[in-house]
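Now for the letters of each chain:
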Amino acid sequence: MTAADYVFWVFATATVVSGAVVVFARSLIYSAFALLFTFFGVAGLYVLLGADFLAATQLLIYVGGILVLLLFGVMLTHRIYDLKLRTEKTQLGPGLIVAAGIFIIFANAALITEWPTVGREPAPTTKEIGRLFLGEYLLAFEAASVLLLVALIGAAMIVRRKKDA
Amino acid sequence: MSGELDLRPLVPAIIVGVTGLVVLLAQAFTPKDRRAPSAPLSLTGLLAALAAVWLLASGGGRGAVLANAVSADAYSLFFQALLLGIAAVAVLLSPSYLRANGLDRGEYYALLLFSVVGMLGLVSSLELVSMFVALEIMSIALYGMAGLYRSRMESQEAALKYFVTGAFSSAFFLYGVALLYGVSGSTSLDRLEWAVSTLTTDSAALALLGAGMLLVGFGFKIASVPFHMWAPDVYEGAPTPATALMSAGVKAAAFGALLRVFGSALHALAGEWQPLVASLAVITMVVGNLAALAQGNLKRMLAFSSVAHAGYVLTALVASPGQAGEAVLFYLVVYGAVNLGAFGTIAALSREGREPLSLGDVAGMAERRPALAAALAVFLVSLTGIPVTAGFVGKFYLFNAAVTAGWVGLALVGVLMSVVSAYYYLRVVVAMYMRDPLGEDTWARVSPSATVALALSAVITLVLGIYPAPVLTLARIAARSLL
Amino acid sequence: MPSYLPIVILGAIALGFGVFVLAASHIIGRPRPDARKLSTYECGMPPVGTARERFPIKFYLVCMLFILFDVETAFFYPWALVMDTLGIYGLMAMGTFFLVLAVGFVYEWKVGAMDW
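Protein chains in written order, with this note's numbering: chain A, 1 to 165; chain B, 1 to 483; chain C, 1 to 116.
Source of the hints: derived by calculation from the structure; they are not laboratory data.
A hint or two may mislead.
In the DSSO-like style, the derived pairs of lysine-lysine whose C-alpha atoms are separated by at most 30 Å in a straight line are [claimed, not checked]: (1) K58(C) <-> K110(C); (2) K32(B) <-> K110(C); (3) K32(B) <-> K58(C).
Among the chain A residues that face chain B by a calculated CB cut under 8 Å, a handful are [unchecked claim]: (4) F106; (5) I112; (6) P116; (7) Y137; (8) V146; (9) L147; (10) V150; (11) A151; (12) I158.
Calculated Cβ distances over 10 Å to all of chain B for the following chain A residues [claimed, not checked]: (13) T2; (14) F11; (15) V22; (16) A34; (17) F40; (18) L49; (19) G50; (20) A56; (21) I61; (22) G64; (23) G65; (24) L76; (25) T125; (26) T126.
A virtual CB, placed ideally from N, CA and C, is assigned to each residue, including glycine.
All chains, please: the whole structure from these sequences, using the hints.
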């Protein structure tokens with residue numbers, strides 16, 4: 001194994017284990033903090049894939065923004081901070097079977113596929129992304145601003161005080 | 001940069017989007033004690049966009065432009081006209097309802113317009129990333145609209161459930177896009193079509209998984225079983241005109257994109273996905289109709305009916321793209337008019353935070369509101385699909401498409417379930433015409449704009465039942481541009 | 001693969017500085033505790049009492065607005081790297097993007113979403 005392989009396993013393990021903690025932790029606050037490691041692990045995987053811009057964005061948006069919002073939500077919401085979560089486990093058997101089945105199918109498909117490759121070392125991607133945003137994906141890029149605007153309106157509407165309604 | 005930068009196919013969406021911005025600013029700059037002219041502005045924008053669609057159509061179908069991301073072919077234009085029409089009727093239904101429930105704010109109209117921008121993008125995207133962004137614009141605007149009625153618990157529940165299941169389905173959709181990108185090395189539908197038709201057996205698994213993920217994503221949006229759980233709660237909790245837009249508009253837009261992706265880009269895999277779609281159709285029709293039987297709340301009943309109708313439309317997808325397209329396009333027009341009418345009737349009667357939701361509420365309506373009762377009867381009979389109504393013609397073409405493709409059993413299930421559905425639709429008609437009214441008539445007088453909306457829906461429903469040929473011809477031309 | 005060495009060095013410096021400051025103050029500083037110093041904070045919320053306070057929903061709004069504009073900023077980076085090659089076309093593309101969000105910003109401002 002090369003050094004990159006070791007790094008991959010470190011990040012992969014961190015992602016999966018902390019992901020499991022997010023799901024199985026009994027307290028929301030543990031879940032929220034475990035999510036931090038999941039986000040970091042995924043960012044690390046992006047780095048290994050040569051997606052440097054994506055990794056930075058992952059940290060900037062998810063860790064810097066979304067996780068903070070989540071922690072806000074968990075810590076400031078009335079009576080949720082130390083709420084014990086008792087997830088129903090009535091569907092455990094069928095759930096496990098479905099999850100395992102999906103995993104096998106996807107893993108199998110990923111292994112037998114002949115992936116198209118570009119056959120070059122990954123280069124810094126930010127510039128290329130900029131070119132694609134303003135070229136091939138111009139429409140999606142401009143539409144993203146509308147998407148953000150809609151989210152903005154929605155956010156403002158949800159928290160509007162009752163007396164302005 | 002991108003070769004030809006031709007913005008013309010986007011003009012309708014741009015008009016609607018700019019109108020949304022204007023409505024938003026009008027609301028922000030209107031003093032607190034005055035009302036912003038949101039509804040007239042929105043209506044003007046939608047009609048201008050409709051005119052733009054007409055101009056584009058009369059200028060001859062245009063192929064793909066803007067770096068092959070969007071098209072103004074006959075198929076897109078047909079859907080754009082339909083969606084803009086649906087949105088215009090929803091706007092007409094809104095002012096009286098919003099005022100009756102104390103919700104009259106410009107944001108509602110802005111979100112409505114932006115959701116229409118998303119729908120327009122969804123049906124004209126030729127590229128999966130644009131399609132995804134359009135899908136998200138539509139969905140996020142609708143989450144906001146569902147939660148508009150903040151003082152009602154049901155509305156908050158609706159927004160939350162819609163958001164959580166919607167985000168879940170978006171993840172499926174995006175995963176599907178990623179897998180298909182893995183197959184073709186491109187997000188363009190053209191390239192995807194080419195890649196799928198030259199697949200090696202080893203890569204076929206990946207393509208199928210991608211297609212399956214996309215189908216799940218679309219399944220949520222069209223509310224087909226087993227991805228329908230959100231529909232009854234959301235349809236019940238959302239403000240009723242928003243529900244009308246959701247049931248008519250979202251379904252049309254999602255089917256528009258679904259048919260473009262599966263009927264044209266992934267058609268080479270039809271042998272694999274058609275059985276899947278057929279089984280989805282069967283369980284959707286069965287579960288939707290049986291669940292609708294058990295509903296006492298009219299909005300929930302109509303929600304399950306909308307689930308069932310997603311099943312009817314799915315049956316046609318097993319046919320060849322041309323035939324399926326014609327049947328689906330026509331049916332979506334019928335379904336849009338009928339559903340706007342049915343939800344619109346409920347919305348139009350809303351007063352002081354209440355609306356007629358039970359059979360008792362509509363009992364004896366024929367005596368007190370003969371015109372309105374007649375209109376609702378037309379819509380419900382058309383939903384059932386009894387001959388000489390638009391619903392019959394629509395279902396005939398759907399099931400005929402399935403039979404032609406050799407799926408006789410599928411069509412039989414559809415017919416059988418339509419018979420079942422007669423029970424819950426006609427129960428309402430019976431209550432209106434045969435039962436005595438309970439108590440005083442405390443419902444609102446139908447406002448002029450809502451009258452226009454309901455009359456329009458009723459006339460379209462009646463005309464399409466008796467003389468469907470022109471719209472069918474248009475649907476055929478539109479479907480042909482898919483091939 | 002692009003070199004991540006600068007980032008690793010940056011991270012090491014940040015971590016090292018934090019450790020250094022804590023360690024230095026621990027070694028050099030002489031603790032002279034008094035009641036006021038030992039209280040949690042001199043300003044802000046009272047440190048004792050029920051944790052089950054209800055917080056104004058504005059906290060969440062500010063946080064959501066932050067995320068939205070954060071995402072907007074993320075879109076600027078790739079554009080900034082290629083804008084010199086695109087000239088007026090790139091400026092117009094970004095201008096449209098920015099304008100839509102500016103309208104949202106004006107709206108938020110006017111309806112008082114940012115007033116505390």
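Cross-check of the supplied hints:
Note on K58(C) and K110(C): the hinted pairing holds, with a Cα-Cα distance of about 16 Å set against a maximum of 30 Å. Proximity of K32(B) to K110(C) is assessed by CA-CA distance (about 11 Å); at most 30 Å being required, the pair is judged to hold. Our distance criterion of 30 Å between C-alpha atoms is met by K32(B) and K58(C), whose separation comes to about 21 Å. A cut of 8 Å between beta carbons decides the hint on F106(A): the least distance to chain B is about 7 Å, and the hint holds.
Look at I112(A): its Cβ gets to within about 5 Å of chain B, closer than 8 Å, so that hint holds up. A least Cβ separation of about 5 Å between P116(A) and chain B falls short of the 8 Å threshold, and the interface hint therefore holds. Proximity of Y137(A) to chain B holds as hinted, the smallest CB-CB distance being about 6 Å (cut-off 8 Å). Restraint check, V146(A) versus chain B: the minimum CB separation of about 5 Å is within 8 Å; hint holds.
A hinted interface residue such as L147(A) counts as satisfied when its beta carbon comes closer than 8 Å to some beta carbon of chain B; here the least separation is about 5 Å, so the hint holds. About 5 Å separates the beta-carbon of V150(A) from the nearest beta-carbon of chain B, less than 8 Å, and the hint is met. Residue-level restraint check for A151(A) holds (minimum Cβ-Cβ distance to chain B is 6 Å; threshold 8 Å). Because the closest C-beta pair between I158(A) and chain B is about 6 Å apart, less than 8 Å, the hint holds.
Every beta carbon of chain B lies more than 10 Å from that of T2(A), the smallest distance being close to 24 Å; the non-interface claim holds. Residue placement check: F11(A) keeps its beta carbon more than 10 Å from all beta carbons of chain B (closest about 19 Å). With a closest Cβ-Cβ approach of about 15 Å to chain B, V22(A) is found to remain outside the 10 Å limit, as its non-interface label requires. Look at A34(A): its CB is around 19 Å from the nearest CB on chain B, clear of 10 Å, so calling it non-interface holds up.
The beta carbon of F40(A) sits about 20 Å from the closest Cβ of chain B, which is more than 10 Å, so the claim that it is off the interface holds. With a cut of 10 Å on Cβ distances, L49(A) stays outside the contact zone with chain B, its closest approach being about 12 Å. No beta-carbon of chain B is positioned within 10 Å of the beta-carbon of G50(A); the least distance is around 16 Å. Against the 10 Å criterion, A56(A) stays outside the reach of chain B, whose nearest CB is about 20 Å from its own CB.
At roughly 15 Å from the closest C-beta of chain B, the C-beta of I61(A) stays outside 10 Å, upholding its exclusion from the interface. At roughly 20 Å from the closest C-beta of chain B, the C-beta of G64(A) stays outside 10 Å, upholding its exclusion from the interface. Consistency note on G65(A): stated as away from chain B, and its beta-carbon is indeed over 10 Å from all of that chain's, at 16 Å minimum. Every C-beta of chain B lies more than 10 Å from that of L76(A), the closest at about 18 Å, which supports listing it as non-interface.
Chain B leaves T125(A) outside its interface by the beta-carbon criterion, the shortest separation being 15 Å against a cut-off of 10 Å. No Cβ of chain B comes within 10 Å of the Cβ of T126(A); the nearest lies about 18 Å off, and the non-interface call holds.
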